[in-house]
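Enquirer: Given the sequences, and given the hints that come with them, work out the whole structure.
Read top to bottom, the protein sequences are chains B and G.
Just so we're aligned: the first sequence equals residues 1 to 259 in my numbering.
Just so we're aligned: the second sequence equals residues 260 to 524 in my numbering.
Worth flagging that the hints you see were computed from the coordinates, not collected in a lab.
Every residue, glycine too, gets a C-beta built ideally from N, C-alpha and C.
Be aware that one or more of the hints could be misleading.
Unchecked claim - Sample of chain G residues lacking proximity to chain B, with all beta carbon distances greater than 10 Å (derived):
| hint | residue |
| --- | --- |
| 1 | T316 |
| 2 | D320 |
| 3 | V398 |
Unchecked claim - Far from chain G, some chain B residues (derived; all Cβ distances over 12 Å):
| hint | residue |
| --- | --- |
| 4 | G89 |
| 5 | A116 |
| 6 | F154 |
| 7 | F244 |
What the hints assert, rightly or not - Here are some of the chain G residues that sit facing chain B, going by a computed Cβ distance under 10 Å:
| hint | residue |
| --- | --- |
| 8 | S261 |
| 9 | V271 |
| 10 | A331 |
| 11 | S332 |
| 12 | G336 |
| 13 | R341 |
| 14 | D345 |
| 15 | L380 |
| 16 | D434 |
| 17 | R509 |
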Amino acid sequence: MTAGIPSPVIQPGAEPFLFRRGRTGCLLVHGFTAAPQEVLRLGAHLGNHGYTALGVRLAGHGTSVHDLSRTRWPDWLASAQDGYDELRGMCDRVVLLGMSMGGLLSVLLAAGQPPAGLVLMSTPITLLRSPLRRWLQPLSLIVPRIPKGPPDWFDPTAAVERVAYPAYPTRAAAEVQGLITRARAALPQVKVPTLVIHSLNDTFVVPANAEILMAELGTSDKRLLLVEGSNHLVTLDAARQTVFDAAHAFVRRVAGPPR
Amino acid sequence: MSVILPRGEAFVYPGGPVGCLVVHGFTGAPAEMRWFGQQLAKAGYSVVGVRLFAHATRPEDMFRARPQDWVASVEDGYHLLRGLSDHVVVMGLSLGGILSLHFASRRPVRGVVAMSVPYVLMAPWRRRLRPVFPALSKVMPFFDKGAPDWFDPHVADDHLEYPRHPVRAVASLIDVHADMLRRLPLITAPVLMMSSHGDATAPPWHSQTIFDRLTTADKQLLLFERGGHVITRDVERQRVADAAAGFVRRVTGWPKSPAPAGRRR
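Expert: So this is what it looks like as C-alpha cells:
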C-alpha cells in the first residue's frame with residue numbers, strides 16, 4: 001500500500017487558497033463533500049476589494065471519497081481552526097464565512113473565539129427527518145455511500161467548475177448529524193454580528209433552516225438575506241453575484257474598510 | 260470551542276517573496292517549530308507552519324491517520340504559502356523531514372531542509388510486524404516512547420506532544436517513511452540535512468545513510484555535537500535556525516544582503 005499515495009493527494013482544483021491583501025481577513029469554509037473551490041470565487045471577490053481571504057480545505061475533502069469516510073467532525077473543525085489560526089497570524093480582524101456544513105463549523109469557531117462577524121450560507125440546522133438518521137452509522141458498514149440527487153442548477157455552467165465527491169459517505173453523513181446537534185446548541189453563544197444567506201429555491205436544505213438560525217442565534221445584530229434563482233450552492237449558482245455583494249457589504253460594515 | 264490543544268496551533272508569518280514551509284514531527288505539534296519559524300521570519304522570509312492531520316488534538320485521532328492525510332497537510336501548507344511567496348523551501352523535523360523529502364520528490368521546490376530524519380524507525384523484528392499493527396492497535400492502542408533525550412531541560416518542560424505512540428499511526432509512519440526512501444533519487448532540489456549526536460531516535464548515521472542515497476547535485480550534511488532529537492528547540496537551536504536561513508538564502512539568492520534585525524513584519 002505504500003506505493004498508493006497519489007501525487008498530488010489533493011485533486012487539481014481542490015487546493016486551499018490564500019489571497020493576501022490587508023489586515024482584515026476572511027476565512028472561507030466549504031461544505032460537506034465539497035472543496036475550497038466552492039468558495040474560491042467568493043474569496044477572490046473579497047480579495048479584489050482589499051480583504052485577505054483564506055479558503056481552508058477540510059480534512060478528508062478534495063482528495064478521495066474514501067478519505068472522507070475515515071474522518072470525523074472534530075477533524076473538520078480542526079481544519080477550519082487551522083485556517084482561523086493562520087489568518088490571525090496575518091490579520092487584526094477576521095470574519096468567518098461558512099457554506100452549508102462550513103457554516104456549522106464557523107458557528108462553533110465563533111462560539112469559542114469570537115470573530116468580527118459571521119456569515120452563514122445555506123447552512124442546515126435541523127437533523128435529517130428520515131428515521132434512517134439514527135442508523136446511518138451501522139448502515140455505513142453495508143451501504144458505504146449514498147448517491148447524490150439529480151442536479152438542480154439554475155446556471156448549468158457553474159456545474160462545470162464544481163469540485164466535489166459524487167456521493168455522500170454514509171459514515172461521514174452520520175458525523176454531519178452530530179455536528180448539527182452541537183452547532184445548534186452553540187447558537188445562543190454567538191454574540192457577533194451575523195448574516196444568514198439562504199436560497200428560497202434550496203430544496204436540499206430548505207429555507208426553514210435559515211428561520212431557525214435567525215431565531216436561535218445569540219446576537220441581536222443578525223440579518224437574513226433570502227435570494228432567488230439559486231440551488232443550495234449559493235456561492236456557485238446563478239444568484240452568486242448577489243451573495244458576493246452582500247457578503248462584501250457585511251464584511252465592510254462589521255470590520256471596516258480594508259486596511 | 261477549540262479542538263486543537265493550546266499552543267498546538269498552525270502559524271503564519273507573512274514576509275518576503277521566498278517562503279519557508281515548516282513541518283513538525285510525529286506526535287508533535289507546530290509548537291516545536293514555532294521559534295524556528297520565527298527566526299526565518301526575522302530573516303525576512305514568509306513562513307507557514309502546518310499542523311499535520313490528527314496532531315495536537317487527541318491521541319486517539321491518530322488511529323485514523325493515513326500517509327495521504329499527512330502528505331495532504333503538507334500540500335495544504337504549500338498552497339497557502341504560495342499565496343505569500345513565489346518560491347518555496349520545504350523543511351521539517353523527523354516525520355516533518357520525511358514529508359519534506361517526500362514532497363520535494365514530487366513538487367518543484369527551491370530546496371529542502373531535513374532535520375533529525377530517521378533511517379531505521381525501529382528494530383527490524385518489530386518493523387516486520389507492520390502487517391499486524393492495525394489489528395494489534397485494537398487491543399494495544401499505544402506503544403510507550405523511549406526516554407527523552409533533551410539537553411536543555413527548560414524547553415523540555417513545556418514541550419507539546421502526545422505522550423505515547425499510537426500503534427495504528429506507527430503503521431502509517433512506516434509506510435510513508437518507506438515511500439520516502441524509495442523516492443530519494445527523484446529529488447533534484449538542493450538538500451540540507453541536520454542531525455545531532457545526542458539524538459536517541461535518529462542518531463547521525465541515520466542522516467548520513469539517507470544523505471549518501473541522495474543523488475541531487477547540491478547536498479549538505481551538518482552534524483551537531485550537542486542536542487537531542489528535537490534540534491529545533493534544544494541547545495543548538497540558534498545554530499540550526501541560522502543554518503536553515505543561510506541555506507535558504509544561498510539556494511534562492513534572496514535576500515541579496517542579510518535582513519537588518521527587526522525586519523519581521
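Enquirer: Confirm or reject each hint.
Expert: Hints, one by one, checked against the model:
1. T316: Non-interface label on T316/G violated, nearest chain B Cβ at 6 Å vs cutoff 10 Å.
2. D320: 7 Å, violated
3. V398: 21 Å, holds
4. G89: 4 Å, violated
5. A116: At roughly 18 Å from the nearest Cβ of chain G, A116/B sits farther out than 12 Å, so the non-interface label holds.
6. F154: F154/B clear of chain G: closest Cβ-Cβ about 30 Å, beyond 12 Å.
7. F244: Given that every Cβ of chain G is farther than 12 Å from that of F244/B, nearest at about 20 Å, it holds.
8. S261: Result: holds, 5 Å to nearest chain B Cβ.
9. V271: 4 Å, holds
10. A331: 4 Å, holds
11. S332: With a closest approach of 9 Å, the S332/G hint holds.
12. G336: 9 Å, holds
13. R341: 8 Å, holds
14. D345: 12 Å, violated
15. L380: 13 Å, violated
16. D434: Where the cut-off is 10 Å and the nearest Cβ of chain B is about 5 Å from D434/G, the hint holds.
17. R509: 26 Å, violated
Figure legend: structure checked against the earlier numbered hints; hints not met, in rising order: 1, 2, 4, 14, 15 and 17.
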